[in-house]
Amino acid sequence: MPVPFLLHDTLLRSAARHTEKAAVIVEGHAYTYAQLQDAAQRLANALQERGVMRGDRVAIYMDNTWPCVVSIYATLMAGAVFLLINPQTKADKLAFVLDDSDARILITDGHLSNVFLPVLAQTEQLLGAICSGKQPEADKVESFDTVLTATKSAEPNISTIPLDLAALIYTSGSTGNPKGVMQTHQSMLFAAASLSRYLRLAETDKILCVLPLAFDYGLYQLLMAISLGATLVLERSFTFPAQIFARMEEQQVTVFPGVPTIFAMLLSTHGREPLCFPSVTRVTNTAAALPDDFAARLRQIFPNALIYKMYGLTECKRVSYLEPELVDQKPGSVGKAIPGTEVYLLSPDGQPVPAGESGILYVRGPHVMLGYWKRPDLTEFMLKPGKLPGERVLCTQDYFRMDEQGFLYFVGRNDDIIKTRGEKVSPAEVENALHSIVGVREAAVVGVPDELLGAAVRAYVVLETGSELTEKQIRQHCLARLENYMVPKDVVFCADLPKTVTGKVSKKLLLETKS
Amino acid sequence: MLGDMMSTEAKIRSYILENFLFTDVADAFADSDSFLERGIIDSTGVLELIFFVEEQFGIKVADKEMVPENFDSVDNIARFVQSKQAA
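Chains R and G are the protein sequences, given in the same order. The numbering used here applies: residue 1 is where the first sequence begins, and numbers increase by one. The numbering used here applies: residue 1 is where the second sequence begins, and numbers increase by one.
The hints are simulated quantities; they were obtained by calculation from the structure and are not laboratory data. All of these numbers come straight from a predicted model, not from anything done at the bench. The C-beta atom is built at its ideal place from N, Cα and C for all residues, glycine as well. A portion of the hints provided could be inaccurate.
Said to hold, decoys possible - Take a look, some chain R residues computed to stay more than 12 angstroms from chain G by CB distance: (1) Asp99; (2) Leu126; (3) Pro162; (4) Ala246; (5) Pro278; (6) Thr314; (7) Glu342.
What the hints assert, rightly or not - Stretches of chain R that chain G covers, calculated by requiring three or more beta carbons in the stretch to come under 8 angstroms of a beta carbon on chain G: (8) 235 to 242; (9) 254 to 265; (10) 468 to 482.
Taking the hints into account, I'd like the entire structure generated from these sequences.
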């Protein structure tokens, strides 16, 4: 099998080597590499038969399921570009993403039909939907299983090259609407290889994934497992920890990727009844900083594991990692650039920054995005001219400092994005939802420290005179529009919001008045 | 107390409506609906739910009992609570 050029070539290579090995184990049910290749090729042919062309977008709005895994590879095999939409997404945002991406086909789950059916009717560019599980009665919606059995499994013909887009990864931004990060086949192949190298992954690994595949670090667990010929142990979520613990034992999982909220839940459970997973040899944290004392405490639960602290952003997948042997020597650091990439700090006016002083972090490497889909203005803000003619580097807009040995320390964000239980929440997006409620005159959203969530979403609301809206009603309205994790944990009613001299709401003053 | 007159299912349902869906509309979901599939509860919500069940029904939930068979729907919780109370 030749060296993979395209992201899905890795599946073909692994399937040739490990035909009968489990590629993914979904909630205890094993699917072999041969089954994954067969199902993905069938669905790829079906997508082409339904009119999907090279470079078209296919939206996958699903839980962590077998059909979701198949759909990701099928989209690539059809020469198309996949985008994953979190299954918590509500109708308005689903419509926005389908529209923004010009998605041609929606692949989804029957239990989400309450949300997607009304959206289908109003999304003109969509050719149709393919739905797994319980079938809703609707035009243009076909059954996932029926489509697969009715289609041939021959390898589809495509003319994709490594510079073509493989995925749009939608991420929240400070402007309110999410934006699609464009990643090519070669950048995603590179990122998966770089991560696999520093995480010291091998084909013998069994990688647990409880993170949503719609979250890029969840997605990369799948991409890395398939690329290595390893096995992904896929669970729907971390909602029922006991079920996950039983699965980890049963499958003798070797890699545990998480976010700080998951580790906080693990430590809290460990406090009630001791946990121990000797089979796990790597624990990786992303999305937000791991509190300093967590590493030592996690070693009680994972006595044989290397613990990785990392930093990244969707725009380049991953920026840096700390060698696990240095966790105790370099507390607070997120390490150095990942293999095959480099990072440096510049002052706001573009000058190099001396060791120990803070500057804006720049990232150079093949993992940097091509830009934001249809957003040249935002792309220009994040991608800057690099060292070589025509090259572009990523300006993260985040502040860091670097010590004498080149280790990075996070200083602060340049925007007001809230990181709650590992998810990015755009205050503007929540504020838009609040402003759409009749009776709300003004609203501002901030993150407040929270032991379990990292940050909790808090809304400050000024009501119209005479309005009798309650906190419960406001949260109910938000829940109808926003993903669950974006819904404010508490609502503070005030007579007025503090403003700066230019008339903008001062979030700094808001936080001060409350505390 | 009115609360004591309510069935186990009704108490659980009312807690879910009040704390996760922020509504009084009783038919927002069915007693057999999966919380996971309906997106009603996520990983941080399930701990709150378990604390509620322990306090409300005077039972102790062991970690290994925190599984979908016991907690993923109103019916499942009611069945679990009744079996614990009978034990």
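Against the structure, the hints come out as follows:
For Asp99(R), the non-interface assignment is confirmed: its Cβ lies about 22 angstroms from the closest Cβ of chain G, beyond the 12 angstroms cut-off. Listed as a non-interface residue, Leu126(R) keeps its Cβ farther than 12 angstroms from every Cβ of chain G; the least gap is roughly 22 angstroms. Every CB of chain G lies more than 12 angstroms from the CB of Pro162(R), the least distance being 37 angstroms, so the non-interface label holds. At roughly 8 angstroms from the closest C-beta of chain G, the C-beta of Ala246(R) falls inside 12 angstroms, breaking its exclusion from the interface.
In this structure Pro278(R) is separated from chain G by more than 12 angstroms, as the shortest Cβ-Cβ distance comes to about 18 angstroms. With a cut of 12 angstroms on Cβ distances, Thr314(R) stays outside the contact zone with chain G, its closest approach being about 21 angstroms. Every C-beta of chain G lies more than 12 angstroms from that of Glu342(R), the closest at about 36 angstroms, which supports listing it as non-interface. Residues of the stretch 235 to 242 of chain R with a Cβ under 8 angstroms from some Cβ of chain G number 7, which satisfies the need for three, so the listed coverage holds.
Residues of the stretch 254 to 265 of chain R lying with their CB closer than 8 angstroms to a CB of chain G number 3, which satisfies the three-residue condition for coverage. Remark: the stretch 468 to 482 of chain R is confirmed as covered by chain G, as 5 of its residues place a Cβ nearer than 8 angstroms to a Cβ of that chain, reaching the required three.
Taken one by one, the earlier hints fail for this structure only at number 4.
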